[in-house]
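Note that the protein sequences, when read in sequence, are chains R and U. Counted the way the working numbering counts, the first sequence spans residues 1 to 404. Counted the way the working numbering counts, the second sequence spans residues 1 to 407.
Simulated from the structure, these hints should not be mistaken for lab results. It cannot be assumed that every hint is accurate.
Over 10 Å on every C-beta distance to chain U, these chain R residues come out as not near it, computed from the model [as the list claims (entries may be wrong)]:
hint, residue
1, E86
2, K90
3, V166
4, S261
5, N291
6, Y340
7, R386
8, W391
Here are the in silico distance ranges between beta carbons for each label pair [as the list claims (entries may be wrong)]:
hint, chain 1, residue 1, chain 2, residue 2, range
9, U, G189, R, E343, 45 to 53 Å
10, U, K55, R, D309, 56 to 64 Å
11, U, V334, R, D385, 53 to 61 Å
12, R, D345, U, E40, 48 to 56 Å
13, U, L115, R, R369, 48 to 56 Å
14, R, E193, U, E219, 45 to 53 Å
15, U, E40, R, K235, 21 to 29 Å
16, R, D301, U, Q102, 38 to 46 Å
17, R, K398, U, P137, 18 to 26 Å
For every residue, glycine included, the Cβ atom is placed at its ideal position computed from N, Cα and C.
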Amino acid sequence: MKMAMALDGIKVVDMTQWYQGPVVTAHLADMGAEVIKIENPRGGDPGRGVMATASIPTSGWNSYFQTNNRGKRSVSVDSSTDKGREIVHKLIKDADVFVCNMLRPTIKKLQMDYETLSKINPRLIYLFVSTFGRYGEGKDKPGYDPQGQGRVGVMLALGEPGQNPVYTGSATGDAMGALIGAYAVMVALYHREVTGEGQEVDTSLLGSFIPAAADLLLPYLGTRDHDLTKQHSRKERPNALWNVYRAKDDKWICMCIEDSSEMWARFCKGAGLEKVKKDAMFADPQKRRENSKSLIAALDDVLATRTRDEWLAGWKGLPVGPVNNFADLAADPQPWANDYIIEVDDPKFGRQWQRGICVQLSKTPGKIRDLGPELGQHTEEILVDRLGYSWEDIAKLKDEKVIL
Amino acid sequence: MGNALNGVRVIDFTEGMMGSLASVFLGDFGAEIIKLETHEGDPYRNLDSAARLPKANWNYYFEYCNRNKKSIDVNPDTDKGKEIVYELVKQANVFVTNLTGQKLHGLDYETLSKLNPGLVYAVGSACGPNGPDTDMPPIEELVYSRVGMTCTIGEPGYPPVMTRLGEPVTAVHLAYGIMLALFHQKRTGEGQRVDASLLGSDINLSGLILQTYLGLGAEERKKVSKGLLMPTGRLGQGNPLLITYKFKNKWIYLLLLQPMRYWPNFCKLMGIEHLENDPRFNTIENMCFKHNNELVAIIDEIAAKKTITKEWMKQWDEAGMIYQVLQDFEEISVDSQALENRFIIDVDHPTEGKIKMIGFPVQMVKTPARLARLAPALGEHTVEVLVDSLGYTLDEITQLKKEKVIG
Numbered sequence: 001m002k003m004a005m006a007l008d009g010i011k012v013v014d015m016t017q018w019y020q021g022p023v024v025t026a027h028l029a030d031m032g033a034e035v036i037k038i039e040n041p042r043g044g045d046p047g048r049g050v051m052a053t054a055s056i057p058t059s060g061w062n063s064y065f066q067t068n069n070r071g072k073r074s075v076s077v078d079s080s081t082d083k084g085r086e087i088v089h090k091l092i093k094d095a096d097v098f099v100c101n102m103l104r105p106t107i108k109k110l111q112m113d114y115e116t117l118s119k120i121n122p123r124l125i126y127l128f129v130s131t132f133g134r135y136g137e138g139k140d141k142p143g144y145d146p147q148g149q150g151r152v153g154v155m156l157a158l159g160e161p162g163q164n165p166v167y168t169g170s171a172t173g174d175a176m177g178a179l180i181g182a183y184a185v186m187v188a189l190y191h192r193e194v195t196g197e198g199q200e201v202d203t204s205l206l207g208s209f210i211p212a213a214a215d216l217l218l219p220y221l222g223t224r225d226h227d228l229t230k231q232h233s234r235k236e237r238p239n240a241l242w243n244v245y246r247a248k249d250d251k252w253i254c255m256c257i258e259d260s261s262e263m264w265a266r267f268c269k270g271a272g273l274e275k276v277k278k279d280a281m282f283a284d285p286q287k288r289r290e291n292s293k294s295l296i297a298a299l300d301d302v303l304a305t306r307t308r309d310e311w312l313a314g315w316k317g318l319p320v321g322p323v324n325n326f327a328d329l330a331a332d333p334q335p336w337a338n339d340y341i342i343e344v345d346d347p348k349f350g351r352q353w354q355r356g357i358c359v360q361l362s363k364t365p366g367k368i369r370d371l372g373p374e375l376g377q378h379t380e381e382i383l384v385d386r387l388g389y390s391w392e393d394i395a396k397l398k399d400e401k402v403i404l
Numbered sequence: 001m002g003n004a005l006n007g008v009r010v011i012d013f014t015e016g017m018m019g020s021l022a023s024v025f026l027g028d029f030g031a032e033i034i035k036l037e038t039h040e041g042d043p044y045r046n047l048d049s050a051a052r053l054p055k056a057n058w059n060y061y062f063e064y065c066n067r068n069k070k071s072i073d074v075n076p077d078t079d080k081g082k083e084i085v086y087e088l089v090k091q092a093n094v095f096v097t098n099l100t101g102q103k104l105h106g107l108d109y110e111t112l113s114k115l116n117p118g119l120v121y122a123v124g125s126a127c128g129p130n131g132p133d134t135d136m137p138p139i140e141e142l143v144y145s146r147v148g149m150t151c152t153i154g155e156p157g158y159p160p161v162m163t164r165l166g167e168p169v170t171a172v173h174l175a176y177g178i179m180l181a182l183f184h185q186k187r188t189g190e191g192q193r194v195d196a197s198l199l200g201s202d203i204n205l206s207g208l209i210l211q212t213y214l215g216l217g218a219e220e221r222k223k224v225s226k227g228l229l230m231p232t233g234r235l236g237q238g239n240p241l242l243i244t245y246k247f248k249n250k251w252i253y254l255l256l257l258q259p260m261r262y263w264p265n266f267c268k269l270m271g272i273e274h275l276e277n278d279p280r281f282n283t284i285e286n287m288c289f290k291h292n293n294e295l296v297a298i299i300d301e302i303a304a305k306k307t308i309t310k311e312w313m314k315q316w317d318e319a320g321m322i323y324q325v326l327q328d329f330e331e332i333s334v335d336s337q338a339l340e341n342r343f344i345i346d347v348d349h350p351t352e353g354k355i356k357m358i359g360f361p362v363q364m365v366k367t368p369a370r371l372a373r374l375a376p377a378l379g380e381h382t383v384e385v386l387v388d389s390l391g392y393t394l395d396e397i398t399q400l401k402k403e404k405v406i407g
């Protein structure tokens, strides 16, 4: 069997909203799955109504929704009505995967819970995406992105002592949760391919952020040293050469040099730091470690005398680089060369830049198809072509407000 | 109960976190992971190998990144060693690596895919397989700095914050890519190369806010700065009910996305009923754009005097408030929600007694993830694998040891 994409022929029914859930199925759509997004006729996914992200108003098009739902088809159906539920249940019959991130009681009331759907289709992979996981007192709580990282301990450990807790940025936790969700679907699909068995799978914001924070959390779990739960100043780093420094033009430099005599020599030579180099306090790696505070202070003074690019020019080949912003990233050829950022030409929205494909498969590469669908854009097509409804049925369903 | 990935065999030629952790996400579900090591072993067997890792009595880093694996110790530079590796590769479904140059010992995609055309060959790197910077060192802070996300977080005027999420997140990207390719392999027999990188992963993780920037038109992109190219900080957020507050004993993150809907209840809970109809705060426009700093100052002052208790949280929950009490690493490690869901697990360690380890983010009802074994000692399973999988005799093994082909 020849397949151009890894998930050719895989059918996904999607009852998700906002970010964590929709991005699970966007990942699957990027890899070739056919995703049918079920939305209520009263506005659908509330992500459609997002007026601004990062305090920037959505302009002309809703880049948030259109990206989170790219490659999907929208069927607008009121699944709280008997006829609406029937439509979704019919779609479930030959679906491979169902993904939802509503609250459990809501999903039960809609009769879209695992017990109901697995009776219709025992081979179904049922992914439930929550805030805090399948069990425990928090299992039915609603939540937003900061609740993962805020609960895990990351916000209190980042930044300078005294700085307000640092949020790692819009939806980092949701993005991780979405990725974990896509990975979970694949593990379950693989198992089904081998055994024929479908099953219920849960992923969550909290459960996903804990492994995301591994680099920070493991040292605490290993040592139980309370000091590691707190913020630490860049002025007190044990290795002065693994730090950030501000240059004359207020641009920052990120330096990640494992200190050794050889690296120190290259570092000093590249920057013309003869005076610092000669200082007996910094004569060898051990002294530099003992006197790292003084070395950081000395480097702060010196590095403030030239612009970032002047410094970087002297350090070619060393693990030192600029602290960029998104404009720099968009001008960087590297993400474009790897499809991490892609320009698409969408029939509705024209040429648009998209965050790209997150993993590269050499023979079945991912692809961005159309951007997010209009609400109910594919209702008629799916009902008629897939489920065999007649045009009279459609008209009636519209009258009864079962579909848009 | 069975395991989801029973019968999947992975050869893991990795070190550190990005590569090693990728196969953990397969081993947790029952794939057989054979960690291939040279006689020197993975440098992360020694915590001293990375200065940033604090000392401890047990290797918390290696234990997590290598659980559920077997270790074989083979010198792939000898002919006989190469033969062992090649035979294993022929039987494997997946080969995963983050090593390059001499450290890869010639076990590249071209060579291995010829031996086994169905092989999924997975690579973790700094910046991906294409473009001008394919040989950048895989250091998370350097790559994260390059992505630009750090310019959007924290407070204006503070040094850029390094969140250090990229390495474990890349491991999950790689595991996801491997699962896609494995599924394709199962359906078609076709193998392929899979790539994930710190750059791609940090971009995906920054997806929402980065997309806000990418989604602007060319002209608008030139104009934006705050929030996208530099941090807005706590005060620049707009909605005063969507930021962190410092109470007497704890920080909370208030998450009232629709402020007006929650405002009356919020006023009652905070004891500021007199402000409920205050014209400064009676519309979104007034509260979030015109007078937000005033309201933040008022709430700051009251919060500083209030202690967050169980009773307080109960009241807030009953009033339908959405918020998060910020915890530290100590609190999450004993959080019943994390423990009941096995996001964090308690494990018996032979020398350390009870230890805490990061658990499993995915809950599968019929085929749950499990911890079958702690990280292996170097070469702990060399003999087992050579005898059971490759049919070597014990005499041959003695000879291979003598010739230092295996450790």
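Evaluated hints:
The non-interface label for E86 (chain R) is consistent with chain U: the shortest C-beta to C-beta separation is roughly 26 Å, beyond 10 Å. With a least CB separation of 25 Å from chain U, K90 (chain R) remains clear of the 10 Å interface cut-off, as annotated. For V166 (chain R), the requirement that its beta carbon stay farther than 10 Å from each beta carbon of chain U is not met, with the minimum near 5 Å. Here S261 (chain R) stays apart from chain U, with its beta-carbon at least about 15 Å from theirs, past the 10 Å limit.
The Cβ of N291 (chain R) sits about 16 Å from the closest Cβ of chain U, beyond the 10 Å cut-off, so the non-interface label holds. At roughly 5 Å from the closest C-beta of chain U, the C-beta of Y340 (chain R) falls inside 10 Å, breaking its exclusion from the interface. In this structure R386 (chain R) is separated from chain U by more than 10 Å, as the shortest Cβ-Cβ distance comes to about 22 Å. Look at W391 (chain R): its CB is around 37 Å from the nearest CB on chain U, clear of 10 Å, so calling it non-interface holds up.
Taking 45 to 53 Å as the suggested C-beta distance range, the pair G189 (chain U) and E343 (chain R) does not conform, at roughly 34 Å. Hint check: K55 (chain U) to D309 (chain R), Cβ distance near 38 Å, so the stated range 56 to 64 Å is violated. A C-beta distance of roughly 54 Å is found between V334 (chain U) and D385 (chain R), which places it inside the suggested range of 53 to 61 Å. Checked against the hint of 48 to 56 Å, the C-beta distance between D345 (chain R) and E40 (chain U) comes to roughly 51 Å, which is consistent with it.
Range check, L115 (chain U) to R369 (chain R): about 36 Å between beta-carbon atoms, so the 48 to 56 Å window is missed. The hinted window of 45 to 53 Å between E193 (chain R) and E219 (chain U) holds, with their beta carbons roughly 49 Å apart. Distance hint for E40 (chain U) and K235 (chain R): a CB-CB separation of about 36 Å, inconsistent with the stated range 21 to 29 Å. At about 40 Å, the beta-carbon gap between D301 (chain R) and Q102 (chain U) stays in the expected band of 38 to 46 Å.
A beta carbon spacing of about 60 Å between K398 (chain R) and P137 (chain U) contradicts the range 18 to 26 Å that was offered as a hint.
Violation of the numbered hints given earlier is confined to hints 3, 6, 9, 10, 13, 15, 17; the remaining hints are satisfied by the structure.
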